[in-house]
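K.L.:
For reference, the chains in residue letters:
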Amino acid sequence: MSREAILGRVRAALSADRSAESSPLLSYPRTGTLNTEERLQMLEERLHEYDARVFHCPEQALAQRIFEVLSAAGRLRIIHPAALPTSWHAAQLDWTPDSPGLSYAEIEAFDGVLTGATAAVTESGSIVLQHGPAEGRRALTLLPDYHLCVIFENQIVETLPECFDRLKANAAAPTTFISGPSATADIEMTRIKGVHGPRFLDVILVTRPSNFPKLTFQ
Amino acid sequence: MTLITVDPLKAPSFPKAAAELLRDTQLRRNVAHATDVIQHKRAALVAEKSDWQALRTAGAAIRAEALRHLDRYLEQFEKQFTAAGGHVHWASDADEARRIIAGILHDAQADEVIKIKSMTTAEIDLNRSLESAGVRVYETDLAELILQLGHDQPSHIIAPALHKNRHQVRDLFAREMHLPDLADDPPALTEAARLYLREKFLKVKAAICGANFLIAETGSICIVESEGNGRMCLTLSDTLISVAGIEKVIPTFAGLEVLLQTLPRAATGERMNPYNSIWTGVTPGDGPHNMHVVLLDNGRSNLLEKEITRQTLQCIRCGACLNTCPVYRQTGGHAYGSVYSGPIGAILTPQLFALEHAQSLPYASSLCGACYEVCPVKINIPEVLVYLRSRVVDKNRNNLSSVFSQERIGMKMMARIFLNHERFEKAQRMARIFEKPFIGQDGWIHKLPGLAGQWTAARDLAPIPAQSFREWWRGRKASQ
Ligand code: SF4
Numbered sequence: 000m001s002r003e004a005i006l007g008r009v010r011a012a013l014s015a016d017r018s019a020e021s022s023p024l025l026s027y028p029r030t031g032t033l034n035t036e037e038r039l040q041m042l043e044e045r046l047h048e049y050d051a052r053v054f055h056c057p058e059q060a061l062a063q064r065i066f067e068v069l070s071a072a073g074r075l076r077i078i079h080p081a082a083l084p085t086s087w088h089a090a091q092l093d094w095t096p097d098s099p100g101l102s103y104a105e106i107e108a109f110d111g112v113l114t115g116a117t118a119a120v121t122e123s124g125s126i127v128l129q130h131g132p133a134e135g136r137r138a139l140t141l142l143p144d145y146h147l148c149v150i151f152e153n154q155i156v157e158t159l160p161e162c163f164d165r166l167k168a169n170a171a172a173p174t175t176f177i178s179g180p181s182a183t184a185d186i187e188m189t190r191i192k193g194v195h196g197p198r199f200l201d202v203i204l205v206t207r208p209s210n211f212p213k214l215t216f217q
Numbered sequence: 000m001t002l003i004t005v006d007p008l009k010a011p012s013f014p015k016a017a018a019e020l021l022r023d024t025q026l027r028r029n030v031a032h033a034t035d036v037i038q039h040k041r042a043a044l045v046a047e048k049s050d051w052q053a054l055r056t057a058g059a060a061i062r063a064e065a066l067r068h069l070d071r072y073l074e075q076f077e078k079q080f081t082a083a084g085g086h087v088h089w090a091s092d093a094d095e096a097r098r099i100i101a102g103i104l105h106d107a108q109a110d111e112v113i114k115i116k117s118m119t120t121a122e123i124d125l126n127r128s129l130e131s132a133g134v135r136v137y138e139t140d141l142a143e144l145i146l147q148l149g150h151d152q153p154s155h156i157i158a159p160a161l162h163k164n165r166h167q168v169r170d171l172f173a174r175e176m177h178l179p180d181l182a183d184d185p186p187a188l189t190e191a192a193r194l195y196l197r198e199k200f201l202k203v204k205a206a207i208c209g210a211n212f213l214i215a216e217t218g219s220i221c222i223v224e225s226e227g228n229g230r231m232c233l234t235l236s237d238t239l240i241s242v243a244g245i246e247k248v249i250p251t252f253a254g255l256e257v258l259l260q261t262l263p264r265a266a267t268g269e270r271m272n273p274y275n276s277i278w279t280g281v282t283p284g285d286g287p288h289n290m291h292v293v294l295l296d297n298g299r300s301n302l303l304e305k306e307i308t309r310q311t312l313q314c315i316r317c318g319a320c321l322n323t324c325p326v327y328r329q330t331g332g333h334a335y336g337s338v339y340s341g342p343i344g345a346i347l348t349p350q351l352f353a354l355e356h357a358q359s360l361p362y363a364s365s366l367c368g369a370c371y372e373v374c375p376v377k378i379n380i381p382e383v384l385v386y387l388r389s390r391v392v393d394k395n396r397n398n399l400s401s402v403f404s405q406e407r408i409g410m411k412m413m414a415r416i417f418l419n420h421e422r423f424e425k426a427q428r429m430a431r432i433f434e435k436p437f438i439g440q441d442g443w444i445h446k447l448p449g450l451a452g453q454w455t456a457a458r459d460l461a462p463i464p465a466q467s468f469r470e471w472w473r474g475r476k477a478s479q
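So the sequences go chain by chain: P and L.
Residue numbers for the first sequence follow numbering that gives the first Met the number 0, so the first one is 0 and each next one is one higher.
Residue numbers for the second sequence follow numbering that gives the first Met the number 0, so the first one is 0 and each next one is one higher.
Just so you know, the hints here were simulated from the structure itself, not pulled from any lab data.
Any given hint could be a false lead.
[To be verified] Here are the computed lysine to any residue pairs in the SDA-like style, where the Cα-Cα straight-line distance is at most 20 Å:
1. L/K202 to P/A171
2. L/K377 to L/R169
3. P/K192 to L/S404
4. L/K204 to P/R29
5. L/K204 to P/E48
6. L/K377 to P/A108
7. P/K192 to L/L194
8. L/K48 to P/K192
9. L/K204 to P/C56
10. L/K48 to P/S26
11. L/K199 to P/I106
12. L/K204 to L/V281
13. L/K78 to P/R136
14. P/K167 to L/K202
15. L/K78 to P/E37
16. L/K48 to P/E105
17. L/K202 to P/R29
18. L/K48 to P/S86
19. L/K48 to P/E3
20. L/K40 to P/P28
21. L/K202 to P/G7
22. P/K192 to L/K78
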């Protein structure tokens, strides 16, 4: 069996170097230095650089804001993860919860998808989904041409190491980092936005007054 | 178009291939433009990172640790990935890997497959073997699609079609996709590719990818990409096969927090590339339910024993060393006669595919050190190049033709001359006389006869100065 042959070769080659056992000591900055306001502002700048649009609102006004953004973008038939709070649904739009029976072609045909997120990283302008109840299965945020993502202030971290600290507890979950809409630079190194993933990404950053009850899925 | 094979067993020597490619001015312009753009973007983003050197050091340490205990980390990955419902296969060489993959596709009754760009599958020439087994392969990365439709070869490990410009891509797409009215601006070309591939993503049920990292701790695979074709393939397929070199494993999940900072900056000059996917085996209700990893050795284990060669396997395939290399920037990737080009190719190819082939590659460098400086995992490429040069010399030392070669005799004579200062000065005086007729009007020697002519074929030579330091020193003493 090649398994034994390969591992045997590897072991034989490495045997001489095992005498001095020590794990490497890694030292690099892990935590950020920005305050909440700066963190939000920088995230917004980064998202703009990636051609995503950014909106704000306090949590009480979230449903209203979602309605405004979607209707202004002309996105009326919206799919969403089944567990997304119904309080986010504005009555005027057409909402469909995801269900295992929906085919990929059916998901693709929606005007857009609305989800939450697991975290966002200021330094790299990344939105991170661990595809939990508020984010849905991976196909949901991939096939529709438009993605509206709601991110709460307390989900925003400054550095990638801080982000990985948060992802660790659920490390085996499928995880997607989204840093701007899909893009390619394969022709003459010119960045062209919108290849296969959603071509349009909008983000609502939600400030949460401290007395507001926590949502269960976070 | 100059087409040079990238099969190291058949490719011409580097100087031969390079001489041919250097005549292709269009190609040189395309390569220069592309590498300039990436280099500028990279430099700006590295400059804003005050912890860049600490991250390079940490990245190198993570990769070195993985290699030092490669057997343990591979077994740990296998255990975790299998526990999560995936299947792990081990392939000693390219042929075995191809057979395993064909077998999985056969069992899944797949006669079509969509592919994410992967250097490892290019290394084992997977597409050709699948096609000859009757499996239709669709490359879905834009650059790979350009190469596939144009029957071309990759010339860069990150942007494999950077030797093509927009007009060339337009002509190719217009012909192959039957779009006579296609415009030649990049957005139109990208849109054409989007539409062409959309239908394949929804229809084809088997997919093949590589892996940027395998995570031992969790049994996860990480894929870094830009276009979303990767997400399409690894999410929408029923059967997914990841082909990964055994060196791709890293010990911990947290290791990604370092490598995902350095890789995008070094590779494409971005703070983060548009999409990263990390997943572990099979997730019920989300993505493929038939998940395979093929762990490929194909010569890699031979590099492990000596630390000097082992560092070659630390590579995370960012391509930064290609973009900065003064040799690559002139010749492009095809001259290296392998899917791995540039400085990393010059050390990887001769080691993976045995030194008999690719003997000229360790010499395809000026040893300027730029590659080492940009490498996000601190591979000392010049050190490896010099080591491989010594191996080439050692290997040929006992050939009869080598014993009597002019170079060998010349080097022996030089060694004798350098041993003794009187001999050395005598040689200097003689050289001053012999070189006279060859000194040009500009004071440089452009062409020498015989063996020395090989040296001057590519470089100019400064003549021996009229007075050496020793002569000046003696004269100075005498005049005091
Ligand atoms: S050797 Fe270093 S710089 Fe070159 S591709 Fe590999 S990681 Fe990048």
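K.L.:
Each hint should be assessed against the structure and marked as holding or not.
P.N.:
Checked hints:
1. L/K202 to P/A171: violated, 28 Å
2. L/K377 to L/R169: violated, 39 Å
3. P/K192 to L/S404: Violated, at about 58 Å.
4. L/K204 to P/R29: violated, 41 Å
5. L/K204 to P/E48: violated, 35 Å
6. L/K377 to P/A108: At roughly 47 Å apart (the allowed maximum being 20 Å), P/A108 and L/K377 break the hint.
7. P/K192 to L/L194: Since the Cα atoms of P/K192 and L/L194 sit roughly 15 Å apart, the hinted pair holds (cutoff 20 Å).
8. L/K48 to P/K192: Outside the cut-off at roughly 25 Å; violated.
9. L/K204 to P/C56: violated, 42 Å
10. L/K48 to P/S26: Within the cut-off at roughly 15 Å; holds.
11. L/K199 to P/I106: holds, 16 Å
12. L/K204 to L/V281: At roughly 16 Å apart (the allowed maximum being 20 Å), L/V281 and L/K204 satisfy the hint.
13. L/K78 to P/R136: violated, 25 Å
14. P/K167 to L/K202: Violated: P/K167 and L/K202 sit about 35 Å apart, past 20 Å.
15. L/K78 to P/E37: With Cα atoms ~43 Å apart, L/K78 and P/E37 exceed 20 Å; violated.
16. L/K48 to P/E105: Cα-Cα ~44 Å, so violated.
17. L/K202 to P/R29: Measuring from Cα to Cα gives roughly 43 Å; hence the hint is violated.
18. L/K48 to P/S86: violated, 41 Å
19. L/K48 to P/E3: violated, 43 Å
20. L/K40 to P/P28: violated, 23 Å
21. L/K202 to P/G7: violated, 42 Å
22. P/K192 to L/K78: This hinted pair is violated, its Cα atoms lying about 39 Å apart.
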